Amino acid sequence: MSPRYTPILIEHFTNPRHVGMPEEADASGQGGGGPLCPDDMAYVWIHVEDGRIAEIYHKTLGCPVAIASSSMTCTLAEGKTLDEALQITPDAVVEALGGVPERKADSVVATEALHKAIEAYRAAHPTEAEP
Amino acid sequence: MDLASIRADFPILERTIHGKPLIYLDNAATTQRPRQVLETLTAFYSTYNANIHRSPHLLGQEATELYEQAHENVARFIGIEDGGEIIFLRNTSEAINLVGTSLLRPESGALQFRPGDEIVITVMEHHSNLVPWQVFCQEVSLRLRVAGLREDGTLDLDHLAQLLGPRTRLVCCTHISNVLGTINPVAEIGRMAHASGALFLVDGAQSVPHMPVRVEDLGCDFLAFSGHKMLAPMGIGVLYGRRELLEQMAPFLYGGDMIAEVTLEHSTWNDLPWKFEAGTANVGDAIALGGAEDLRTGQRLIGAVDYLEAIGMAEVRAHEATLIARLVEGLRTIPGVRIYGPLEKERRAAVVSFTVEGANPSFVAKLLDEEGIAVRAGGHCAHPLAQALGIAGTVRASPYIYNTPEEIERFLTASEEIVRKLRKAL
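Those protein sequence lines, which keep their order, are chains H and W. If you read the first sequence in this note's numbering, its first letter stands for residue 1, the second for the next number, and so on. If you read the second sequence in this note's numbering, its first letter stands for residue 132, the second for the next number, and so on.
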């Protein structure tokens with residue numbers, strides 16, 4: 001818990017990375033919108049090449065923490081193998097942002113969406129070899 | 132109807148949202164107001180504003196006349212002759228609360244609800260026609276019975292018939308579901324209610340603004356509706372009640388203007404409809420709803436009702452039926468979209484609710500907003516209905532007189548695009 005938005009969080013909120021709804025993607029996932037924080041939602045789209053996340057996009061509707069977390073989640077996930085990307089936890093995202101002031105629930109929407117996208121990808125490509 | 136000239140009457144339609152022309156499809160929540168109605172508000176407050184009833188001055192007399200005419204005009208709009216049967220309140224919720232509150236009071240005599248009495252509603256009621264009855268039933272040990280749905284999103288009349296019995300005192304039913312768009316066979320339900328000796332209340336919030344509605348055709352004892360869903364300002368609503376009942380019924384709120392004589396020990400009540408309109412009324416908004424004419428100068432204050440009558444309610448219904456048919460047809464062809472409620476346009480009014488497989492309805496609505504398209508998402512104040520359908524909520528598009536076929540096409544194109552992207556690889 002940090003008392004205010006950190007400079008990293010403000011930077012990711014005002015200039016969020018990986019924003020977009022791509023025309024083509026290999027898989028997508030949705031996060032948030034649940035009872036804990038109904039107004040924060042994220043969609044994540046991934047392109048997978050050779051078992052790694054080659055491209056990742058998100059569309060996030062929510063508070064600054066949700067948007068910055070989505071931006072950071074995608075930043076952390078880009079280039080990783082699917083297994084590595086599944087290791088990106090909300091805590092890891094919060095830590096990378098230098099902490100969030102409150103309502104930690106807002107920071108989970110993108111990791112939830114990312115994990116669902118990876119699950120969807122694996123369901124669609126059950127036999128594909130991964131590094 | 133001349134769509135271009137209608138649109139020119141609505142200043143808000145010139146707005147852009149996120150840099151795109153506004154497409155307003157949230158009319159089941161509230162409509163926009165034409166400049167004529169806005170001008171009536173300005174005219175009232177700049178020319179006629181004074182408190183009504185018992186005013187010794189001309190200004191007060193003029194305001195009183197205009198306010199009383201507004202009652203008469205709203206009466207005419209729903210096909211009745213007696214302006215005393217039109218009570219101005221804040222909205223549909225307040226109108227329904229009036230009926231319940233009054234019928235709980237001993238002063239309502241033979242009409243008073245007694246422990247063990249039963250009230251029948253339907254699962255497709257808006258919270259405004261559910262929550263009051265829920266609470267009143269708990270307060271005085273009444274029994275609330277709820278009629279369910281058929282598979283096709285229409286009301287299960289057989290189930291409703293089973294619920295009616297000797298203790299049924301009141302049947303309450305929405306004319307049109309604000310979620311499903313289902314047009315309920317209210318006349319038939321009214322006959323069933325009356326045959327079992329019950330009174331019949333219709334929630335007309337989604338019907339009176341959208342189609343010809345005549346009390347006689349509905350066969351109802353009470354009809355509640357809101358001005359803000361039919362071009363009038365927020366804060367003015369209507370309860371129609373049959374005179375014979377209203378005369379027997381206890382007042383709703385007590386205080387100024389609703390009395391005939393007052394002593395420190397006892398008060399008697401004013402004539403209809405004033406008996407039910409306690410305190411200073413919402414005169415300006417009532418005139419903006421009903422319209423009125425200054426009989427001295429001939430100045431016409433155009434009300435929402437005048438505006439709709441000039442188009443013709445049958446025309447309004449026909450225009451919306453065309454738009455809705457295209458909406459339903461277009462949405463059905465988008466993979467992953469599911470539409471709720473009846474598909475035939477004869478049984479559906481100007482509302483279409485849908486879900487997108489795997490997508491949160493609020494997310495879809497917010498993405499549509501980025502395209503300048505205003506729709507609603509969620510449970511639409513009818514949460515038990517969503518529970519009955521087994522869903523968390525829907526996206527709801529609801530057109531009105533100013534929506535164009537081109538706007539519907541833009542909505543469908545935007546929806547298709549959004550759904551395609553959201554469902555990618557799902």
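Hints were generated in silico from the structure; no laboratory data involved. Hints are not guaranteed to be accurate.
The calculated EDC-like cross-link candidates involving lysine to aspartate or glutamate, where the alpha carbons are at most 20 Å apart (straight line), are [stated by the list, open to error]:
| hint | chain 1 | residue 1 | chain 2 | residue 2 |
| --- | --- | --- | --- | --- |
| 1 | W | Lys476 | W | Asp287 |
| 2 | W | Lys476 | W | Glu460 |
| 3 | H | Lys116 | W | Asp213 |
| 4 | H | Lys116 | H | Glu11 |
| 5 | W | Lys497 | H | Glu23 |
| 6 | H | Lys80 | H | Asp39 |
| 7 | W | Lys497 | H | Asp39 |
| 8 | H | Lys116 | H | Glu84 |
| 9 | H | Lys116 | H | Glu130 |
All figures in this text were calculated on a predicted structure; none of them were measured in a lab.
State the violated hints by number, sorted upward, taking the hints as numbered earlier in the document.
As far as the earlier hints go, 3, 4 and 6 are violated by this structure, in ascending order.
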